[in-house]
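Chemist: Now for the letters of each chain:
2 protein chains.
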Amino acid sequence: MSRNLNIPGTLAATMTATTPGTVGVLLRLAKMVHRRSTEELLGMRLRQYQLLYAVRESAPMRQQDLCERLWLDPNNCVLLLNEVEALSYVERRRDEEDRRRHVVDITPEGRRALERAEQAQAGLEGEILGALSEEERETLYRLLSKALEAQRG
Amino acid sequence: MSRNLNIPGTLAATMTATTPGTVGVLLRLAKMVHRRSTEELLGMRLRQYQLLYAVRESAPMRQQDLCERLWLDPNNCVLLLNEVEALSYVERRRDEEDRRRHVVDITPEGRRALERAEQAQAGLEGEILGALSEEERETLYRLLSKALEAQRG
DNA sequence: TATTGTTATACTCTATAACTATA
DNA sequence: TATAGTTATAGAGTATAACAATA
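Note that the protein sequences, when read in sequence, are chains A and B. Numbering that gives the first Met the number 0 puts the first sequence at residues 0 to 152. Numbering that gives the first Met the number 0 puts the second sequence at residues 0 to 152.
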């Protein structure tokens, strides 16, 4: 019975607590993405890419909001920002309305590097999801997003 | 244009290289699972649970095969096995046919601990995927598995 | 000589707490 | 005093290389 917990599509899947299998497969795929998202491929570290991606989406933005968006502790966020700023991909400046705060913005150089990294990441995604049709990929994106959105509350 | 790369369902999604968005969402969900799969919840570390799960599936099995299945380097596999063996959840013994090899097996105590961890993990999965219907969860499992299977070659 | 497992070591990522400056 | 950011430090996870036992 406990064995069936791992096999969706069986009677066990009708129980309240669904199978741990979906999360298991999710973690394995994530591990593969991490392994293959090398600095050589992206032109920067995966974490730097993720930060840069988030910054561009809302730049200029407060450092605090950036940290929250990335689920990073403030200290980790600082360390990561130091790296990306050293690469001249982002700039930090004081918020003149509240000088305790920092405002983060992406630089033109950062945008160029991000676009290159995006192309590489898209290529990797094409390999990772290569077995799925376009329709299946959109379904996957929709389901993952739906699950993620529900967690934000 | 590069912005659209992140939005499936738009024209960009029809390009050869699909959006990096799906992988991005996948990584965020995985991060959440890691954060919430605490030792307090599972009764053991997540990595130990994953190892134990794999061992039960094929026990008794060769240590080498176990490492490969978990995508662990031999050294990391040894360290992790040391932990789980110290908990008396698995046992290692020499393979009498080839005394260089070790054979790993799960103990009755290991099975009990694993079953408890599975219940907890199933509960967590229910929370993580709470926004999805039963049918959607099965679809998600099928798509993730399909992508994963294709990577094995 | 090649293979299995182990040990030593270092590097990345993450988490906790204390500190600085501004409010 | 409370908050935003920073620094210091330690822990967990991972990777590379060297080593021991066995084939």
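Be a bit skeptical, because a hint or two may be false.
Note that identical chains are pooled: a pair holds if it fits in a single copy or bridges any two copies.
What the hints assert, rightly or not - With a cut-off of at most 20 Å between alpha-carbon atoms, the simulated EDC-like pairs for lysine to aspartate or glutamate come out as follows:
id: 1; residue 1: 145; residue 2: 134
id: 2; residue 1: 30; residue 2: 96
id: 3; residue 1: 145; residue 2: 82
id: 4; residue 1: 30; residue 2: 97
id: 5; residue 1: 145; residue 2: 126
id: 6; residue 1: 30; residue 2: 84
id: 7; residue 1: 145; residue 2: 135
id: 8; residue 1: 145; residue 2: 133
id: 9; residue 1: 30; residue 2: 95
id: 10; residue 1: 30; residue 2: 67
id: 11; residue 1: 145; residue 2: 108
id: 12; residue 1: 30; residue 2: 64
id: 13; residue 1: 30; residue 2: 133
id: 14; residue 1: 145; residue 2: 104
id: 15; residue 1: 145; residue 2: 84
If you are wondering where the hints come from, they were derived from the structure by calculation, not from laboratory data.
Chemist: Flag every earlier hint the structure violates by its number, smallest first.
Modeler: Of the numbered hints given earlier, those the structure breaks are 2, 3, 4, 6, 9, 11, 13, 14, 15, listed in rising order.
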